[in-house]
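*Asks:* Next come the chains, spelled out residue by residue.
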Amino acid sequence: MSLAVPLGQFVCLLGPSGCGKTTLLRMIAGLDSPTSGRILMSGMDRTGTPAHERNFAMVFQALALFPFLNVEDNITFSLRLKGLGWRERRKRARELLELIKLPGIGSRKVEQLSGGQRQRVAIARALAQEPALFLLDEPLSALDAQLREHMQFELRQLQQKLGITTILVTHDQGEALTLADSVVVIAQGRVQQIGSPTEIYRRPSNRFVAGFIGRNNLLEAEVLDRQHVRLGTAVIDVAAIPDGARNGDVVTLAIRPEELRVLPPGGEHGNTLPGKLSYVREIGERVEWRVDCHGRELIGSASPSDWAAAACTGPVKVQIIPGAGTILTC
Amino acid sequence: MLGSARVPGRLRALVPLSWPSLALVGLVGIPFLLLIRISLAPPDPNGLWSAGTSIAAYSGLMDRPFANALLYSFGLAILVAAMGVSLGFPLTFFITRMRRGWQVLWLIFLLATLTLSDVLIAFSWQVMLSKRIGLANLPVKLGLMEQAASLTPSFGAVLGNLIYLVLPFTVLTLYPTLSQLAPELIEAAKTLGASPVVAFRTVVLPLTKRAAAVSFLISAVLTLGAYVAPLVLGRPRNWTMAVLIGNAALAGHNVPRASAMSVCLLIAALILTGGTVWIARGRGRR
Numbered sequence: 001m002s003l004a005v006p007l008g009q010f011v012c013l014l015g016p017s018g019c020g021k022t023t024l025l026r027m028i029a030g031l032d033s034p035t036s037g038r039i040l041m042s043g044m045d046r047t048g049t050p051a052h053e054r055n056f057a058m059v060f061q062a063l064a065l066f067p068f069l070n071v072e073d074n075i076t077f078s079l080r081l082k083g084l085g086w087r088e089r090r091k092r093a094r095e096l097l098e099l100i101k102l103p104g105i106g107s108r109k110v111e112q113l114s115g116g117q118r119q120r121v122a123i124a125r126a127l128a129q130e131p132a133l134f135l136l137d138e139p140l141s142a143l144d145a146q147l148r149e150h151m152q153f154e155l156r157q158l159q160q161k162l163g164i165t166t167i168l169v170t171h172d173q174g175e176a177l178t179l180a181d182s183v184v185v186i187a188q189g190r191v192q193q194i195g196s197p198t199e200i201y202r203r204p205s206n207r208f209v210a211g212f213i214g215r216n217n218l219l220e221a222e223v224l225d226r227q228h229v230r231l232g233t234a235v236i237d238v239a240a241i242p243d244g245a246r247n248g249d250v251v252t253l254a255i256r257p258e259e260l261r262v263l264p265p266g267g268e269h270g271n272t273l274p275g276k277l278s279y280v281r282e283i284g285e286r287v288e289w290r291v292d293c294h295g296r297e298l299i300g301s302a303s304p305s306d307w308a309a310a311a312c313t314g315p316v317k318v319q320i321i322p323g324a325g326t327i328l329t330c
Numbered sequence: 331m332l333g334s335a336r337v338p339g340r341l342r343a344l345v346p347l348s349w350p351s352l353a354l355v356g357l358v359g360i361p362f363l364l365l366i367r368i369s370l371a372p373p374d375p376n377g378l379w380s381a382g383t384s385i386a387a388y389s390g391l392m393d394r395p396f397a398n399a400l401l402y403s404f405g406l407a408i409l410v411a412a413m414g415v416s417l418g419f420p421l422t423f424f425i426t427r428m429r430r431g432w433q434v435l436w437l438i439f440l441l442a443t444l445t446l447s448d449v450l451i452a453f454s455w456q457v458m459l460s461k462r463i464g465l466a467n468l469p470v471k472l473g474l475m476e477q478a479a480s481l482t483p484s485f486g487a488v489l490g491n492l493i494y495l496v497l498p499f500t501v502l503t504l505y506p507t508l509s510q511l512a513p514e515l516i517e518a519a520k521t522l523g524a525s526p527v528v529a530f531r532t533v534v535l536p537l538t539k540r541a542a543a544v545s546f547l548i549s550a551v552l553t554l555g556a557y558v559a560p561l562v563l564g565r566p567r568n569w570t571m572a573v574l575i576g577n578a579a580l581a582g583h584n585v586p587r588a589s590a591m592s593v594c595l596l597i598a599a600l601i602l603t604g605g606t607v608w609i610a611r612g613r614g615r616r
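Those protein sequence lines, which keep their order, are chains A and B. The opening residue of the first sequence carries number 1 in our numbering; numbering runs sequentially from there. The opening residue of the second sequence carries number 331 in our numbering; numbering runs sequentially from there.
Where hints are given, some of them may not hold.
Here are the computed lysine-lysine pairs in the BS3-like style, where the Cα-Cα straight-line distance is at most 27 Å [claimed, not checked]:
| hint | chain 1 | residue 1 | chain 2 | residue 2 |
| --- | --- | --- | --- | --- |
| 1 | A | Lys91 | A | Lys109 |
| 2 | A | Lys161 | A | Lys91 |
| 3 | B | Lys539 | A | Lys109 |
| 4 | A | Lys91 | A | Lys101 |
| 5 | B | Lys539 | A | Lys82 |
| 6 | A | Lys82 | A | Lys161 |
For the record, the hints were derived by calculation from the structure and aren't laboratory data.
Extracted from the complex, chain A is given alone in its bound form:
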């Protein structure tokens, strides 16, 4: 794999469990050695540099705060190793505690902190050494959903404020899409796609990315021309067909749930597939529905008001918004 991380960017390594993203992060940190290849930092080869000489700070999944030290001593651990005096260390600890919005907890023991507080202290400890690279290994995975969302916001704010190059490992696609400037999708030890969250979501490069990021309807279709595919008996107007696909080729049409509309049967609408409504569920601000189109199940979503206006039950037509979707050839 080849991966370049631009300075000052927030990059997320995203993939299913066991895909190799943590191994990659550990190799960058110097905790594991690559069997082949090189790791460069600003053009300098750091492959053989021991972890303690890289100045790459890392926040671990288990946080790894030192239980025998209080909050302040945890934060200033790296500064003590550098030989900074007590006054300087204390000043820096106070600044960092202010930065993570936890002033006045320096004398507390680690066991007295809540999950969110520990999280922030671990981040402050890593930032204390003013690292060249900030590495985070699923640091938010142990938090409850509400706190995780809050911490994602704070982490992003902090990264933008400090402008520090950051690599975060996560298997949570929502987290990656929320936090990252650039997302690296990894599967089976290989990079599947690198791009901005919008690119990854809107223009997945292959079936794996299309299926892994968000929800997608992956449908087999036949290329008719540079703008149309055949889906069963229906001719569908889609986004541009990639250059690699020729007329007559079987490709995958990836359609997001929000790119589908349910319409009552009858009426003159293009880009539609007939089907039968099989499932409806209202989840807060969205209504999720499923339609069985002759053995092919399509999943879609609509706002409650749009759903109420459509007033659909039983037999329906599913419209693919013209020009929507992505054609995948691999």
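Add chain B to chain A, keeping to what the hints say.
*Replies:* For chain B alone, coordinates are given in the frame of chain A:
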């Protein structure tokens, strides 16, 4: 009312569980009181001790040979414990980094060594270090020595044997703590700029110092009571207090003196325990 009704109930439930602790206190306390009483009795060469009270047994200990013997035993205990922990710590760390199956095999092996009697081990070492068939022939075969010489009796033989005896205890005491030591803590220290040696000093040692202190203490107390190894493998000047106590009681028929020596040894053990606990706690507070 509900709360006050619960407490006696809970206490009642604990009573059946308390008998082993009461028995232990009795089995330690009663012999100890008897020991003090006998140490304060006048000696009787024809019997074990006489009626009456006397501090003659303690007065008889106020001499240089006894002070030297006590200091030697104390120093030997500290040396054996320190070397046992120094060897046991890396060994245990090494074992805890193995696969689970290998760890179990190592623990079984260490437990197996504890099933052997001290007497058997001491005589095995005597044979192993002997002139004719022991280790002494190895330097001769390697051309390092011209003639084989017996390595016993010697202080080195006593020291080596005692370290061998305490090593399984050291490992078994350190194992629970070291096996639960999260590798991320050491890795975190490394990413914060600590070299492996500094990470060991600043993270591993503070996390394991209590287990190390307990391990040191068990080794030291076991060595204070060592009898067979110094007797079989050492010269008279290598004999510990336990050997001298045995000699006073069995050869000298002076049970009050032996009891007084035992009381002194017990006080030495308490001082060692208190000192170790104080050091372990004191460092923890800093």
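*Asks:* Against which earlier hints does the structure fall short, listed by number upward?
*Replies:* none
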